[in-house]
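Chains as they are written, first to last, in this note's numbering: chain A, 1 to 208; chain B, 1 to 208.
Mixed in with the good hints there might be a few duds.
Stated by the list, open to error - Every beta carbon over 12 Å from chain B, so not counted as near; a handful from chain A, in silico:
hint: 1; residue: 58
hint: 2; residue: 81
hint: 3; residue: 85
hint: 4; residue: 183
hint: 5; residue: 204
What the hints assert, rightly or not - Pairwise CB distance ranges, derived in the manner of DEER restraints:
hint: 6; chain 1: A; residue 1: 58; chain 2: B; residue 2: 139; range: 46 to 54 Å
hint: 7; chain 1: B; residue 1: 155; chain 2: A; residue 2: 40; range: 51 to 59 Å
hint: 8; chain 1: A; residue 1: 113; chain 2: B; residue 2: 143; range: 38 to 46 Å
hint: 9; chain 1: B; residue 1: 44; chain 2: A; residue 2: 128; range: 37 to 45 Å
hint: 10; chain 1: A; residue 1: 182; chain 2: B; residue 2: 143; range: 15 to 23 Å
hint: 11; chain 1: A; residue 1: 38; chain 2: B; residue 2: 188; range: 17 to 25 Å
hint: 12; chain 1: A; residue 1: 187; chain 2: B; residue 2: 149; range: 35 to 43 Å
hint: 13; chain 1: A; residue 1: 204; chain 2: B; residue 2: 70; range: 43 to 51 Å
hint: 14; chain 1: B; residue 1: 139; chain 2: A; residue 2: 44; range: 25 to 33 Å
hint: 15; chain 1: A; residue 1: 139; chain 2: B; residue 2: 63; range: 23 to 31 Å
hint: 16; chain 1: A; residue 1: 208; chain 2: B; residue 2: 154; range: 45 to 53 Å
Unchecked claim - With the Cβ distance kept under 7 Å, some of the chain A side facing chain B (calculated, not the full set):
hint: 17; residue: 62
hint: 18; residue: 64
hint: 19; residue: 66
hint: 20; residue: 113
hint: 21; residue: 115
hint: 22; residue: 196
Everything labelled a hint here was simulated from the structure, so no lab data went into it. Virtual Cβ for every residue (Gly too), placed ideally from N, Cα, C.
2 protein chains.
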Amino acid sequence: MSSEPLPPGSPTPGSVRPGGRTARVRAAVLRATEDALVERGFSGLDLGDIAQRAEVGRTTVYRRWGTTTALVADLLADMAEQSLPRTHSGSLAEDLRANARLVQRTLADPRQGALFRAVLVAATCDTDAASALQRFYRARVDEWAPCVAEAVARGELPPDTDPAEVVRAVSAPLYYRMLTTPDPLDEAAADRAAAAAEAAARAGAHRR
Amino acid sequence: MSSEPLPPGSPTPGSVRPGGRTARVRAAVLRATEDALVERGFSGLDLGDIAQRAEVGRTTVYRRWGTTTALVADLLADMAEQSLPRTHSGSLAEDLRANARLVQRTLADPRQGALFRAVLVAATCDTDAASALQRFYRARVDEWAPCVAEAVARGELPPDTDPAEVVRAVSAPLYYRMLTTPDPLDEAAADRAAAAAEAAARAGAHRR
Chain A
1 MSSEPLPPGS PTPGSVRPGG RTARVRAAVL RATEDALVER GFSGLDLGDI
51 AQRAEVGRTT VYRRWGTTTA LVADLLADMA EQSLPRTHSG SLAEDLRANA
101 RLVQRTLADP RQGALFRAVL VAATCDTDAA SALQRFYRAR VDEWAPCVAE
151 AVARGELPPD TDPAEVVRAV SAPLYYRMLT TPDPLDEAAA DRAAAAAEAA
201 ARAGAHRR
Chain B
1 MSSEPLPPGS PTPGSVRPGG RTARVRAAVL RATEDALVER GFSGLDLGDI
51 AQRAEVGRTT VYRRWGTTTA LVADLLADMA EQSLPRTHSG SLAEDLRANA
101 RLVQRTLADP RQGALFRAVL VAATCDTDAA SALQRFYRAR VDEWAPCVAE
151 AVARGELPPD TDPAEVVRAV SAPLYYRMLT TPDPLDEAAA DRAAAAAEAA
201 ARAGAHRR
């Protein structure tokens with residue numbers, strides 16, 4: 001808390017993200033983009049609608065982002081920065097299970113699940129959105145890969161195990177289940193995904 | 001070959017699918033739907049354009065299908081029927097590798113890959129398309145599940161192994177790789193997917 005009296009018109013401390021007006025506009029526009037993607041999907045995205053939701057001038061949105069795919073790409077860059085840190089349990093099985101459950105909870109959440117489906121759709125429609133999506137998943141994999149590298153260092157996995165492949169192997173069945181089956185994305189599915197990735201890694205199926 | 005002279009105007013034998021005019025119209029419309037999905041994606045689908053590509057009356061397309069999602073659902077039903085039969089090598093490792101390579105070749109093929117991305121997009125946009133997509137993947141899984149069931153019967157896998165889960169585990173990393181990474185979908189990726197699914201199944205990670 002500030003002990004100095006604030007000049008009139010100053011925002012209440014803590015009520016805005018740091019970084020000034022530009023950062024506040026970006027935060028509002030990205031939040032509006034998320035809302036619109038959740039409600040209407042990628043094909044329903046419209047720059048004018050985003051400006052209105054964000055209470056930002058249309059010109060600002062058109063000048064700064066220009067296209068809906070540029071908006072999605074910027075949202076994905078922001079999501080990569082906001083990505084939750086990994087666990088540090090010291091056990092490969094527990095770390096992979098924590099990772100799987102995080103993915104499962106995210107995809108099973110109505111808002112987050114709809115958001116992820118929408119950005120996957122955007123990535124199939126546009127190469128810039130696809131690159132941004134790939135960078136998002138790369139950041140996620142890089143965050144979690146050390147738990148596999150540490151298991152390799154402890155001698156639990158073959159020395160030439162590819163940590164990124166093991167991390168991707170945890171997520172893959174959960175995404176595939178969401179996209180191709182009517183089956184619920186429950187904790188049991190998460191735990192099976194983690195156990196399968198670990199078993200395959202131990203057997204040397206994820207070597208470079 | 002027919003030994004009887006054909007009446008004038010008859011189609012050359014073998015040049016049309018069996019089933020008469022209704023089946024010919026459906027085949028032409030579904031082929032046009034495929035072409036349009038490959039070229040323009042699901043969001044670019046338009047019933048009038050499909051009628052023109054298929055050289056079929058617009059009224060027929062509107063009356064028989066009515067919506068682009070109904071078209072996609074019918075295409076998926078047709079794809080489920082045309083799905084290639086599984087291999088019968090007698091070896092679990094070889095059968096899973098054949099399955100993985102079939103998925104990999106399909107997704108890596110420019111036309112088929114674009115088609116699969118388009119129907120995945122359609123399924124995220126519409127519940128009827130999603131149900132049709134789920135039935136397509138169910139048919140694929142049912143086709144390949146017996147190679148896992150036979151390995152269980154031979155005692156190669158734990159008796160309570162879920163064959164469908166093992167078949168899905170082969171495909172999942174290939175779809176996830178296509179959707180979230182810039183990495184090529186090559187034969188090495190297919191072989192790793194098959195080996196990982198087999199190792200996880202042998203370790204009991206795909207039990208019911």
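Exercise. Please flag the earlier hints that this structure goes against, numbers listed from lowest up.
Key: 4, 5, 8, 9, 11, 12, 15, 16, 17, 18, 19, 20, 21
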